[in-house]
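J.: For reference, the chains in residue letters:
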Amino acid sequence: MSAAALERAKQILGTAVRSTHDKCGDETLVVDATTIRDTMKALRDDSELKMNFLVDLTCVDYLGNEPRFEVVYHLRSMTTGARLRVKAPLAEPADGSSPEIDSLVPLWRGANWFEREVFDMYGVKFRGHPDLRRILMYPEFVGYPMRKDYPKERRQPLVRRTPDEA
Amino acid sequence: MGLEFYTSKLGDAVNWARKYSLFQYPFVTACCGMEFMALWGPKYDVARFGAEFPRFSPRQADLLIIVGTITERQGPVLRRVYEQMCEPKWTVAFGVCASTGGFYQNYSVMPGADQCIPIDVYIPGCPPRPEQVLDALQLLQDKIQKGEGYIQKRERAEHEAVKAGKLKVVG
Ligand code: SF4
Chain A
42 MSAAALERAK QILGTAVRST HDKCGDETLV VDATTIRDTM KALRDDSELK MNFLVDLTCV
102 DYLGNEPRFE VVYHLRSMTT GARLRVKAPL AEPADGSSPE IDSLVPLWRG ANWFEREVFD
162 MYGVKFRGHP DLRRILMYPE FVGYPMRKDY PKERRQPLVR RTPDEA
Chain B
591 MGLEFYTSKL GDAVNWARKY SLFQYPFVTA CCGMEFMALW GPKYDVARFG AEFPRFSPRQ
651 ADLLIIVGTI TERQGPVLRR VYEQMCEPKW TVAFGVCAST GGFYQNYSVM PGADQCIPID
711 VYIPGCPPRP EQVLDALQLL QDKIQKGEGY IQKRERAEHE AVKAGKLKVV G
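Residue numbers (the working numbering), protein chains in the order written: chain A, 42 to 207; chain B, 591 to 761.
If you're looking for bench data, these hints aren't it; they were derived computationally from the structure.
Glycine included, each C-beta is placed from N, C-alpha and C at the ideal position.
Each hint can be trusted.
Just a few of them, taken from the derived set where beta-carbon distance is under 8 Å, the chain B residues facing chain A: (1) Arg669; (2) Gln695; (3) Ile707.
Computed list of chain B residues with no C-beta within reach of chain A, every gap over 10 Å: (4) Ala607; (5) Thr619; (6) Gly623; (7) Gly640; (8) Glu642; (9) Phe646; (10) Gly692; (11) Asp732; (12) Glu738; (13) Lys753.
Computed list of chain B residues with no C-beta within reach of chain A, every gap over 10 Å: (14) Ser611; (15) Thr690; (16) Pro720; (17) Leu724.
Work out the full structure, taking the sequences as your base and the hints as a guide.
T.: Here's what the structure looks like:
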C-alpha cells in the first residue's frame, strides 16, 4: 500500500536503515536506535514523504532475544495517506539498568504521554523527555509490569481491609 | 420480655423503613455501568424497591454500589468514599470484577472490592442481568431486615461489648 513511501524512506535514510519488510501490507523499517530522532525528523520533513503524524508509539519486550526491546513507531502522512512503521531495536544494558533512547517530544508534542506510558510499562528511558514520570501506575509502584519477566501474580496494593473487618 | 420486646420491635420497624429507603451512591468504573443504567430505566425500574435515588455525594448515601473493575490505584479512593458514608451503610459488589476481579489477573486490578472494604451482597455476571441485580437488592433488603449487614452486625457486637463492660463509651 505504501511501497513507494518505503522506497523513498530507504533512499533518504541510507545507512540508518537496518532492514525493511512489508509483511501483511505493513511497510516496516527497522532502524538504528541511536539516531532515532534524526531518522524521524528526516521522515517528517522530507518534501515527498511528509510523514507528519505520529499515530502511535509503543514497545515490545522480546525476552530471551537480543536485543531485548523494540520501540515501535507508527507514522502516517496526512497529505499523501501513506503509512510507515518504524522499529528501533534496543538492547538492555548488561548491568540491568534501563535502556535509553532519544525522546521524540521535540518533534511531536503528542509523543509526550506515549513515551511516559512506555516508560511506565517497560522502563525504557527517553532522553530529553520534559517530564518522564509514571502515567498509569501509581508512584509507589515498583518494577515495570508489561515486561515479560514481571510475575503476573504479583500485587502491589495501596490499601487493604483492616484485620477486624475481615 | 418487657423492654427487650419493645426495642426489638422498634428495631424491626426501623430496619423495615431502612430497607425501603436505600439511597445509593453508584461507584461506576467500567462496562457494568451500562447494565446499571438499564436497571434505572423504566423497564426494570429499581424505584419499585424504594432505591431509586442516586446520591452523588457519599455523605448522603447509605448504599454503596461498586459497579465495575476496581484497580489497585483506585483502592484508596474507594476506601475513602466508603469511610465518608454515614452509618448504617451497606455495600453491593456489582459484577464479577467488583466481586472477585473477574477475568483480570494482573498487576493492576484489585482481586475484588472486598479486599479493601466489607461487602454485603455480591452479584455475579459479566455484566449481571438487571433481574439479578433486583434479586440482589431483595437479598440485601432481607439482610437489612434481619440486621445482618456488616455494619449492623458490628454495631450489635459493639453494643454487646459495652454491656459486658469490655468496651467503654467515651464523650
Ligand atoms: S464484570 Fe464484566 S461487564 Fe462488569 S466491569 Fe467487569 S468486565 Fe465489565
